[in-house]
Amino acid sequence: MKELRHLNKYFLKYKTHLIIGAIITIIARFFLLYTPRYVKKIFVVVEKALEGEITENIFKAELTEIIIYIIGAALIGGILTFFMRQTIINVSRYIEFDLKNEIYGQYQKLSLNFYKKNRTGDLMNRISEDVGRVRMYAGPALMYSINTITLFVIVLIYMFSEAPKLAFYTLTPLPILSIIIYKLSREIHKRSTIVQEYLSKLSTYTQESFSGISVIKAYGIEPLTATNFETLSAISKEKQISLTKVQALFFPMMILLIGTSNLLVIYIGGMQYINGEIDSLGTIAEFIIYVNMLTWPVATVGWVTSIVQQAEASQKRINEFLKIEPEIKNTISNHTKITGDIAFNNVSFTYDDTNIQALKNVSFNINEGETLAILGKTGSGKSTILDLIGRLYDVDAGSIQINKTEINQLNLTDLRNSIGYVPQDAFLFSDSIKNNIRFGKEDATEDDVIEAAKNAQVHKNIIKFNEGYNTVLGERGITLSGGQKQRVSIARAIIKSPKILLFDDCLSAVDTETEEKILKNLNMLTKGKTTIIVSHRASSAKNADKIIVLKDGKVVQKGTHETLVNVNGYYKDLYLKQISESDSK
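The opening residue of the sequence shown carries number 1 in UniProt numbering; numbering runs sequentially from there.
Keep in mind the hints are simulated off the structure, nothing from the lab. Among the hints, erroneous ones may be present.
Simulated pairs of lysine to aspartate or glutamate, DMTMM-like, Cα-Cα distance not exceeding 20 angstroms [to be verified]:
hint : residue 1 : residue 2
1    : Lys48     : Glu277
2    : Lys404    : Asp394
3    : Lys2      : Glu96
4    : Lys460    : Asp447
5    : Lys116    : Glu208
6    : Lys454    : Glu513
7    : Lys441    : Asp431
8    : Lys572    : Glu562
9    : Lys527    : Glu277
10   : Lys496    : Glu562
Since the model is a prediction, treat every value here as computed from it, not as a measurement.
Can you build the whole structure from these sequences, using the hints too?
As structure tokens, this is what we get:
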């Protein structure tokens with residue numbers, strides 16, 4: 001149960017609802033337990049009538065009165081039970097809501113390294129399946145536990161006060177049941193953990209298959225992926241069946257033990273009645289009703305135990321992520337004004353997941369309002385520089401300064417709010433084009449959206465769609481071409497009008513003519529803004545105030561277009577090569 005202690009803060013938060021629910025539960029049990037006592041009274045009245053102790057009219061009057069009491073008690077008990085469920089089950093939904101928000105908030109805080117090491121399907125399973133199982137513990141399991149404990153206490157008091165010896169023999173099977181429940185619970189906990197692990201694997205495989213469906217179809221490997229899915233499903237099914245087999249032992253065992261209790265009531269109660277130890281057959285009827293009333297609570301003990309074990313297994317998986325300390329922390333509470341001065345001083349950085357050193361003693365500086373172009377071959381470390389400016393990672397050595405202040409001494413929220421970032425792999429959400437562009441500025445007007453689209457040279461493409469800016473995109477923006485996705489991403493960045501603009505090879509999927517138009521617009525829009533353009537084209541870099549060339553994580557060239565084009569090296573070779581390719585077209 002130690003893993004479930006994490007939920008105690010939520011139980012304290014909703015303690016008022018839970019206390020009210022518990023009080024209603026106790027009162028409801030009292031009313032529902034009137035039934036067996038009045039059933040006994042019916043037997044007593046019938047026995048008196050048969051022995052001539054009361055007249056027919058008195059018999060009818062007393063019988064009617066008892067029936068009215070039984071119906072009234074049942075109605076009141078039923079209404080209270082309804083409110084009990086509404087109170088306690090609602091709390092479980094509140095806790096589910098809070099826990100999902102807590103997990104999602106933790107996911108938001110964790111660094112990119114975390115997402116490189118964990119699969120999306122597993123993350124989704126923990127916030128859905130695992131939280132769902134925990135909710136069952138916080139709601140139904142809690143409600144039935146209160147219900148069962150209350151019922152047991154009241155019934156035991158009634159039974160022992162009525163016929164102690166009969167009560168003792170009737171309840172003899174219960175200790176046996178407790179031992180069986182303990183043994184089965186441990187096995188359920190073990191198998192529940194395995195089931196949840198395989199559910200995560202299944203979710204992960206499914207999510208990856210759907211995300212990569214175009215590749216699967218292009219390579220014609222649908223039968224292979226279907227076979228792999230079937231194999232994984234079969235293993236998951238076996239684990240589920242293995243768990244279900246253990247869970248299935250609860251109810252037959254309980255029915256057997258409850259049946260045994262009924263036989264003991266009839267036999268021992270009958271012998272006591274014959275021997276004059278109990279005064280009425282109504283006592284036997286009352287005890288049979290008590291035993292049968294205990295049938296569901298006793299069955300619930302097994303069911304609740306199963307829920308608790310599954311919830312603990314799920315909460316353990318949730319806690320594994322909740323206990324992870326974010327690598328990137330916002331330690332500054334005061335707001336920071338970002339101007340755009342950026343300086344790299346002997347920065348080195350190595351990726352933890354691959355152990356590849358992406359940057360080696362990189363130094364450069366950009367003044368506010370200047371444009372820096374970064375060129376280099378694939379894997380030279382260009383994108384890493386942009387990630388470090390956004391503080392998606394922290395450097396291993398050296399320092400990054402913005403506003404002449406160490407980057408880790410800036411308010412992280414203010415830093416990222418001042419950056420407009422266009423990634424190399426343009427990611428769009430399954431929403432309208434308008435909302436995807438507005439994502440950079442939630443309060444943007446429709447005119448702002450259109451203006452940003454025009455500057456990104458994508459407006460003409462958008463208005464050709466049937467729904468125009470209201471066109472809903474497929475997953476990851478699959479509705480659009482590669483170039484259109486890049487341009488929508490550019491519009492999303494520039495609508496924000498940030499102090500710092502980062503473009504990560506975002507024009508690679510557009511033609512040269514469109515690139516020239518976008519760059520011309522960007523030159524106007526980026527005035528007064530610090531801009532960094534990562535590219536593999538010299539045409540994207542020639543108008544920059546400064547240019548650096550990276551090779552194997554090191555700065556091998558630095559200068560302006562005019563200086564670098566006149567010096568032998570990577571930049572000159574690239575420029576002449578692209579000029580030659582342009583002339584030959």
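Results for each hint:
1. For the proposed pair Lys48 and Glu277, the alpha carbon gap of about 18 angstroms is at most 20 angstroms, so the pair holds.
2. A distance of roughly 17 angstroms separates the Cα atoms of Lys404 and Asp394; the hinted pair therefore holds under the 20 angstroms criterion.
3. For the suggested pair Lys2 and Glu96, the alpha carbons sit about 19 angstroms apart, so the restraint of at most 20 angstroms is met.
4. Of the supplied pair hints, the one linking Lys460 and Asp447 holds, its CA atoms being roughly 15 angstroms apart against a limit of 20 angstroms.
5. A threshold of 20 angstroms between alpha carbons decides the hint, and for Lys116 with Glu208 the separation of about 14 angstroms falls inside it, so the pair holds.
6. Under the criterion of a C-alpha separation no larger than 20 angstroms, the hint pairing Lys454 with Glu513 is consistent with the structure, at around 15 angstroms.
7. With a CA separation close to 15 angstroms, the supplied pair Lys441 and Asp431 stays within the 20 angstroms bound.
8. Of the pairs offered as hints, the one joining Lys572 and Glu562 holds, with about 10 angstroms between alpha carbons and a cut-off of 20 angstroms not exceeded.
9. Of the supplied pair hints, the one linking Lys527 and Glu277 is violated, its CA atoms being roughly 102 angstroms apart against a limit of 20 angstroms.
10. Taken as a hint, the Lys496 and Glu562 pair is broken in the structure, with Cα atoms around 32 angstroms apart against an allowance of 20 angstroms.
When the structure is compared with the earlier hints, violations turn up for hints 9, 10 and for no others.
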